[in-house]
Structure formats: C-alpha cells, structure tokens
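Asker: Residue-level listing of the chains:
Number of protein chains: 2
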Amino acid sequence: MNKQLICLTACLALTLGGANALAARNVILFIGDGMDDQQITIARNYLAGAAGKLVMDKMPLRAASQVLTVSEQGQVVYVADSANTATSMATGHITSRGRIATSAGTDKPLLSIVAMAEAAGLKTGLVTTASVTDATPAAFVANINMRYCENPQAIFGTEVSGITLPDCPAYTKANGGPGSISEQIAASGVDVVLGGGRKHFDMPAEGSSDSVRAQAEANGFTVIDAANQLTSAATDTKLLGLFSASTMPVRLRGESGRKAESPTPSWANRVHPYLGSVTLPAPMRCEPNPEYAGMPSLLEMTSTALQRLDNEAGFFLMIESASIDKQSHERKPCGSIGEVAQLEEALQAALAFVETNPETLILVTADHAQAAQLVPATSLFKEYPIPVYTPGRVARIVTAEDAILAVNYATNSFPYEEHSGANVPLFANSEGLGRVPTLVRQTEIFTIVRDYLSLHN
Amino acid sequence: MNKQLICLTACLALTLGGANALAARNVILFIGDGMDDQQITIARNYLAGAAGKLVMDKMPLRAASQVLTVSEQGQVVYVADSANTATSMATGHITSRGRIATSAGTDKPLLSIVAMAEAAGLKTGLVTTASVTDATPAAFVANINMRYCENPQAIFGTEVSGITLPDCPAYTKANGGPGSISEQIAASGVDVVLGGGRKHFDMPAEGSSDSVRAQAEANGFTVIDAANQLTSAATDTKLLGLFSASTMPVRLRGESGRKAESPTPSWANRVHPYLGSVTLPAPMRCEPNPEYAGMPSLLEMTSTALQRLDNEAGFFLMIESASIDKQSHERKPCGSIGEVAQLEEALQAALAFVETNPETLILVTADHAQAAQLVPATSLFKEYPIPVYTPGRVARIVTAEDAILAVNYATNSFPYEEHSGANVPLFANSEGLGRVPTLVRQTEIFTIVRDYLSLHN
Numbered sequence: 477m478n479k480q481l482i483c484l485t486a487c488l489a490l491t492l493g494g495a496n497a498l499a500a501r502n503v504i505l506f507i508g509d510g511m512d513d514q515q516i517t518i519a520r521n522y523l524a525g526a527a528g529k530l531v532m533d534k535m536p537l538r539a540a541s542q543v544l545t546v547s548e549q550g551q552v553v554y555v556a557d558s559a560n561t562a563t564s565m566a567t568g569h570i571t572s573r574g575r576i577a578t579s580a581g582t583d584k585p586l587l588s589i590v591a592m593a594e595a596a597g598l599k600t601g602l603v604t605t606a607s608v609t610d611a612t613p614a615a616f617v618a619n620i621n622m623r624y625c626e627n628p629q630a631i632f633g634t635e636v637s638g639i640t641l642p643d644c645p646a647y648t649k650a651n652g653g654p655g656s657i658s659e660q661i662a663a664s665g666v667d668v669v670l671g672g673g674r675k676h677f678d679m680p681a682e683g684s685s686d687s688v689r690a691q692a693e694a695n696g697f698t699v700i701d702a703a704n705q706l707t708s709a710a711t712d713t714k715l716l717g718l719f720s721a722s723t724m725p726v727r728l729r730g731e732s733g734r735k736a737e738s739p740t741p742s743w744a745n746r747v748h749p750y751l752g753s754v755t756l757p758a759p760m761r762c763e764p765n766p767e768y769a770g771m772p773s774l775l776e777m778t779s780t781a782l783q784r785l786d787n788e789a790g791f792f793l794m795i796e797s798a799s800i801d802k803q804s805h806e807r808k809p810c811g812s813i814g815e816v817a818q819l820e821e822a823l824q825a826a827l828a829f830v831e832t833n834p835e836t837l838i839l840v841t842a843d844h845a846q847a848a849q850l851v852p853a854t855s856l857f858k859e860y861p862i863p864v865y866t867p868g869r870v871a872r873i874v875t876a877e878d879a880i881l882a883v884n885y886a887t888n889s890f891p892y893e894e895h896s897g898a899n900v901p902l903f904a905n906s907e908g909l910g911r912v913p914t915l916v917r918q919t920e921i922f923t924i925v926r927d928y929l930s931l932h933n
Numbered sequence: 477m478n479k480q481l482i483c484l485t486a487c488l489a490l491t492l493g494g495a496n497a498l499a500a501r502n503v504i505l506f507i508g509d510g511m512d513d514q515q516i517t518i519a520r521n522y523l524a525g526a527a528g529k530l531v532m533d534k535m536p537l538r539a540a541s542q543v544l545t546v547s548e549q550g551q552v553v554y555v556a557d558s559a560n561t562a563t564s565m566a567t568g569h570i571t572s573r574g575r576i577a578t579s580a581g582t583d584k585p586l587l588s589i590v591a592m593a594e595a596a597g598l599k600t601g602l603v604t605t606a607s608v609t610d611a612t613p614a615a616f617v618a619n620i621n622m623r624y625c626e627n628p629q630a631i632f633g634t635e636v637s638g639i640t641l642p643d644c645p646a647y648t649k650a651n652g653g654p655g656s657i658s659e660q661i662a663a664s665g666v667d668v669v670l671g672g673g674r675k676h677f678d679m680p681a682e683g684s685s686d687s688v689r690a691q692a693e694a695n696g697f698t699v700i701d702a703a704n705q706l707t708s709a710a711t712d713t714k715l716l717g718l719f720s721a722s723t724m725p726v727r728l729r730g731e732s733g734r735k736a737e738s739p740t741p742s743w744a745n746r747v748h749p750y751l752g753s754v755t756l757p758a759p760m761r762c763e764p765n766p767e768y769a770g771m772p773s774l775l776e777m778t779s780t781a782l783q784r785l786d787n788e789a790g791f792f793l794m795i796e797s798a799s800i801d802k803q804s805h806e807r808k809p810c811g812s813i814g815e816v817a818q819l820e821e822a823l824q825a826a827l828a829f830v831e832t833n834p835e836t837l838i839l840v841t842a843d844h845a846q847a848a849q850l851v852p853a854t855s856l857f858k859e860y861p862i863p864v865y866t867p868g869r870v871a872r873i874v875t876a877e878d879a880i881l882a883v884n885y886a887t888n889s890f891p892y893e894e895h896s897g898a899n900v901p902l903f904a905n906s907e908g909l910g911r912v913p914t915l916v917r918q919t920e921i922f923t924i925v926r927d928y929l930s931l932h933n
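Going line by line, the protein sequences match chains A and B.
If you're matching positions, the first sequence starts at 477 in my numbering and goes up one per residue.
If you're matching positions, the second sequence starts at 477 in my numbering and goes up one per residue.
Simulated from the structure, these hints should not be mistaken for laboratory data.
Because the structure is a prediction, the values reported are computed rather than measured.
It cannot be assumed that every hint is accurate.
Since the list gives no way to pick out one identical chain from another, each pair is judged satisfied if it fits inside one copy or across any two copies.
Said to hold, decoys possible - In silico lysine-lysine, DSS-like type, Cα no more than 27 Å apart, as pairs:
hint: 1; residue 1: Lys675; residue 2: Lys649
hint: 2; residue 1: Lys584; residue 2: Lys858
hint: 3; residue 1: Lys529; residue 2: Lys584
hint: 4; residue 1: Lys529; residue 2: Lys675
hint: 5; residue 1: Lys858; residue 2: Lys529
hint: 6; residue 1: Lys529; residue 2: Lys735
Just chain A, with the same shape it has in the complex (with noise of 0.2 Å):
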C-alpha cells in the first residue's frame, strides 16, 4: 500500500468517523427498583453463587448513587420512596415522597427526559413489571402531585384498608388538569409502553363514557394484554402493553408461597430471653410461582421494546424490575431474588443489543434501599448457651450451593417494610466510563442521559 492510498484510507476512517459521532445516540436506563447492595449479594448467593457474579458485575464501570429526597417545606428527609427517587432520576430535581415529577411544596410540573427526548425526535420506552401508572414509570411520563392517584377514580382519593389515601385535585380533568396518571400515560407520546396496570386503563376516563384504554387507541396505541401479542403487534403504532390487572405476578416464590417468619421462642424464653429456646423458621426452597404463568418476562418485553425503539435518531428507555421491592415490603425474599434474575435476563439483551449499537450508554441502578438484610445463618454468638434471634421475621433459604441464605427482615412490624436509606449501586457499560463518576447525587443520572443524548431545553 503506498502512502497515498494510507492517507486516503487515514481519511475515509476519519470521515466514517465523523458520520458515526452524529450516529443516533441510545440510552437504555434499568432501575432495580429497591435493588441494594444486600438484594445485590442476596440474588448473587443464589443465582450465581457466594463467589459467582451476576451480569451487572461484570460491567466496567461501578459507582454509587445518593438518594436525596426533602419534606414538603425543602426540610432533608434521609430515606425516599419511588416517586420522588424516580422523579429525580427522571427530571434531575429533588422533590418529595409520594411526587410524581412536580415540586415539593410548590407544586409544578418538572420536564421529564421523555419529554425532552420526544421533542428532539427521538424514540421512548417505559418497561416495568409494576403497573405502568405506578411510581417509577409514572415519573417519567406523567406530573401528578401524588402517586396514589393511577386512576380516573384514585385520582379523588383511594381507600386501602379503610383509609382514604392523599387525593389530587387540581390534577382533575375538572379543575382543568391533565388527569390521573394512566390519563396522562393514554394521551402520550411515549412510543411503548409495557407492564402491569390494565385495570387502571378499564375504567371511564374521567367525564367521559370512553374507558382510558379506549383514549389511549384514539391517542394511536395499539393495545395489547397478552404476552404472544408482543411480537404480533402493528408496528407501526405506539404499543401499550397491559398484561396483568395491576403489579405482574412475580416469577419466584418462596416453597408454598412461604415468607420470612417470626422465630418461635419457647415458654421459658419469653420469660427470660437468657432461658429456653427458640425455633426457627424451616428452611425452604425458592419455587416457580404459579401466579406467574402467561406473564411476558422482562427479558421479553424488553426485545419488543428494543426492536420496536432501534431508529436512525435514537431512543430512550427505562426498564424497571420493579417488584425487587415489592417482594421485600411483604418479606418474600424468593420473590425479590426471582425479580433481579429478571433485570439480569434484561441487561443481557441490552448488551447484545449494544454489541450492533455501539453508542448506547446501558445505566443500571436502583431508586433506594430496602429493608431485607442477609444475616448469620447461625449466631457469631453461637457459643452462648442461650437463644439468639431476630425480633423480626426471617426467611431461610436453602441454595444451589447447599448452604443456608438467611434473610432478616425487621424495620417495623407493619405488614409492609419500610425502605432504607443507604446510597445504592449504579453500573455503566464502557459509555459510561469519564461521564459516570464514583458518586453522582441521583438526580445527576438525568443529566448524564440528557448530556449523552445531546438534549436541552
């Protein structure tokens, strides 16, 4: 090859460089909704083993995110829920527990990265296994003062177990609003839409005679509710998926539907905790739940939403396990373990997706921390003659590895955990490295999805 023909080649490469610099940009953005260090090493343990790694291991980039959420009045609250983790991540403000991308005490509406990219050209995505109106999603397409209100009902109040939930009035289609949240999610733009949360959507439209399914067809979605529908679907419409009533049905589940439990101390002991014994509860194996047949897996909805996403100017996806943390409200371990095989399977697909797509910056974190805490299967203070246990409830799985994974549960003896506040993981693939540093507040993932994909207002 003369010098010539090097230069030239040099050139083209420079050329098809350039061309590739202005390629679409894709950001694929996975939350492990609860999915903390301990639900991290929890699933590792089972699913891969002690010293096994799960896919998210193996990624090049690990940071942390500081969850960061205030009262209504900018006070510092130290531990968050979904809606305003999602809301930070979604339009890189602080808000309050229970916002849905609007302002802590003042009540505006926050411009999300869907948004933004929608009006740049670009195509979006929201995945869960939650209902699609539920916290994390409804982040990123909706602004509602608070996250109950999923309905044209809930949206003036929703009763749970005889009490009546925070309502949201000025949100109404009748003070002038844009309504509940599956309203808003009906009249969007967002390109696809799969998860749980049909009967949100089966439900007349607030005064209308139209059900919100049937505005979100008048809006141009194609409707599905079937997982064999994902791939059959027009497509050349938006997609929303509603395949379960409300939450999906998670994939595992504890030996007889079986969760984490009280110790049973005996009489002596609960006359003394220095007498008696206690036992403890059996071990068990994790199971298929059966609740879970027909479900479309995370795996599957993300390939529709990959396939039907991919175009020449680029997308926007969120992905979300959500039921990580649902599981570990109710203290079903098997259940949360199930849910990050999940997003496991998922991330699989995003990076092989990537391996043709080069520039797609795949972010993998969680909103917050929860409450499931792996223990000593046997005591560090074994050789005291007396019972040691939790005051809580613990769950005891036994694993592919033949050995015993206990998991505590003991923040409050409410049938629902609370979260907890530790900073949590964030992963990157190799995009992420000189843009993700080793602590970004939480709200700083918006603005490294809006910087890659070259959004602003």
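Chain B: place on chain A using the hints.
Answerer: Below, chain B without anything else, positioned relative to chain A:
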C-alpha cells in the same frame, strides 16, 4: 529547539521514567471494620450532609468486594466475621469465621502480605483503633486457630460472662507453637504497630517471668503508652504503641452515652398492634466521648506510621478504623459515625502523602457489612392511623441539617448485633485504575497488593 535536542530530551524523560518505574512502591490499605454502604451513608449524612461528599467518595475508583467465608468443613457460609475477612485480605485465602491466617479444617498457617513484604525488604505497619491483637490486625501478623487467643492466658481459653470461649492448644509454646497473638506480635518484624490492647502485653509470656511487653522490647521494639510519645520515640527501632488496655475509646457518643433504644408501645398497643400508640426514643445529638480524652487520633497514628515507614524500598501499611463495627454491635450510631470521621482524616493524610509519593496505592474497604440500617424518621405508612415502629432498637439523631437520622438495629435481641452479608465498598486512588475491577473477591485484595508491590514467593 532543534530535532536533536527534542530527541535528547525525550530520551532523558524515558530514562527518568524508567528510574521511576523501579522506585519504591507503597500500599496503604484502609479497613473500615463493618463500614458498609449503610454505615457510609449514615456517616455522610451526619458529617457532610445528605448531598455532601466524604473524602472516600471523591476517590477516582469505586468497586465492591465480595465477602467470602466457609465452615470448618469447607461449606459456603454467607455472613463473615473480621477474622476470616482479614485473613482473606492478608493472605488471599478463604477461611472460616474466627480463624487468624490459618486454613479451615486443616489448621495450617497461611503466609501474609506483611511477611512477604518483610522478606522482600519493605517496611511494614499495622495501625488500628482496636487492640493490636484484635482479629483484623492479627491476621496480618499472626497465625492461630481462634481470634480469642489474644494473650498467654486466653490461649488456654477465655471466659466471657461465664462462657468459656475456644482455646488454641496447638499454638501454645508448651506444645511447640508460636504462642498467643500478643506473643507473636512481640516476636514479629513489623516496623510499626499502633493501637490499643496493652493488657495483652502486660502479663507474663507463656513459660516466662518476662512480660510480653518485655519480650517485645528484647526483640527491638520501642514500646510506648501515650499519644505524646508518638513523635518523640526513637526512630531507629521498631515501634509498638499500646494506648489503652483494650479497644481504644471512641471519639463520639450519643447524648449522655445514649444508644439505640426500644420504642415504648402503649398498653393498648401491646394488646393489639393496630391499637394505641408508641413513644419513640427521644431525638438526640452526638457529643464528644469523655473517655476519648488523651487518646491519639487515627490521624496521629497514621502520620507517625507514614513518617517511620517512608523509605527507599517501599512499605505496606494497614490502617483499621475498628469501632465502626464495634459500636454498631453495641447499637451506638454516634460512635460509628465518629470512627468513620477518624478514617476520613487518616485517609486525607494518606492522600496528602501520595502527592509527594505518587507510586502509592491506596485502597479503602470494609471487611464485612453490619447490622445498622438507616430507616425513615417518619414511616412510609404514616397515613395509616396505627403505630408503626421497629421491633428492634432505634436511635434518632439530630444532624447539622436539623433533620432526624434514624438508625435501626434489629438483627437480634442479644447484647450484640450480628453482622450482615452484603458486598462492601472498595475505593482506590488513581493507582488502582486498571488494577481493581468493579467487583473483586475479597481475596483478590491480597493479589492486587502483592502484584502492585511485586511480591512473590
């Protein structure tokens, strides 16, 4: 500048670069005992604010470390202790809980990075706020089957609260062994050993009328007892600093010595969990611990160690902030926070040292996760008109942001909480880039240090 001059300058730079590549290399390994992401977040919130950053947060590399342990029979165990984890980092071998650089099952001595560094002519140092005989420093300098065998009496069995803890018969001098941990330290070649644990040296050595301390002096150690001797001690000897009888008192404590406390339910609530009310422990501030007076800080010990170890052949220095863990066992969050602050100050000094000694790898990690959980100051379920509170103990700390930092301890009701099993953070300075992957098995910390210092058997 002509081409020849440019070439000569480049050659000179290459030559100097070559010389630098052969210059002394140092490793400073910080271990925050029990310093998991919950502890770090709790400390960050208190010391720097929810949106603030700690010194460790600003390091250019963040990874995670998989904490691994086994039973004596080699079966996987999911929650570790400080003995086996320090053994992982010091020797690269997974062992069982309680063991100090000896193999599970076979009870063979495991070669530590300190012995390897000494053999290669590097200086070595161990700094801790625990007894220097405690599990973490011990695994770097001693080999023994059980951590409790800290001194010539305990090696025959320790009695705690009427319970006899395991002994170490094969390691007694009477049986031809190397003796207890304090005797092994006294006989060691470590250049700087600083911490607490004087009581383990102020007793006769086994089969001798001399104290262990006298044996240390006979082996070339200058032994000091007070902070003001740190800078005045002879510099041409090894240095053993023993600043307290046992664990060094910690810097911070809860108001009037308060720790996490049980909520007090009303009588009605004791009858049924949906009735009545609960009184949570009153909020408190952290305050200086009067018992800390006169102690050298971890920073002062670190500065002395760095001054004494800095030499042309390089050094290995392990610095442990031990009571992040010990205070968490005792449900004392202010104590843990103060000891994270101590680690931060010492880390800042190490980072300053690196400015003039760039070939120094700094690693900051924890050995295992702990029980403390940052929980909501106001329950996520506050809309429900029933008392929602922890079944364990909670401390509610008022921070400089004038917010309530609620820390829950609920792994058991024993006087000491359990460890937990999550993977723990691993930070590195820029020397770690390309050397520390995003997830390491804890034993790989040994490998990374060994390779950085070019130490090989």
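Asker: Go through the numbered hints given earlier and state which of them the structure violates, listing their numbers in rising order.
Answerer: 3, 4, 5
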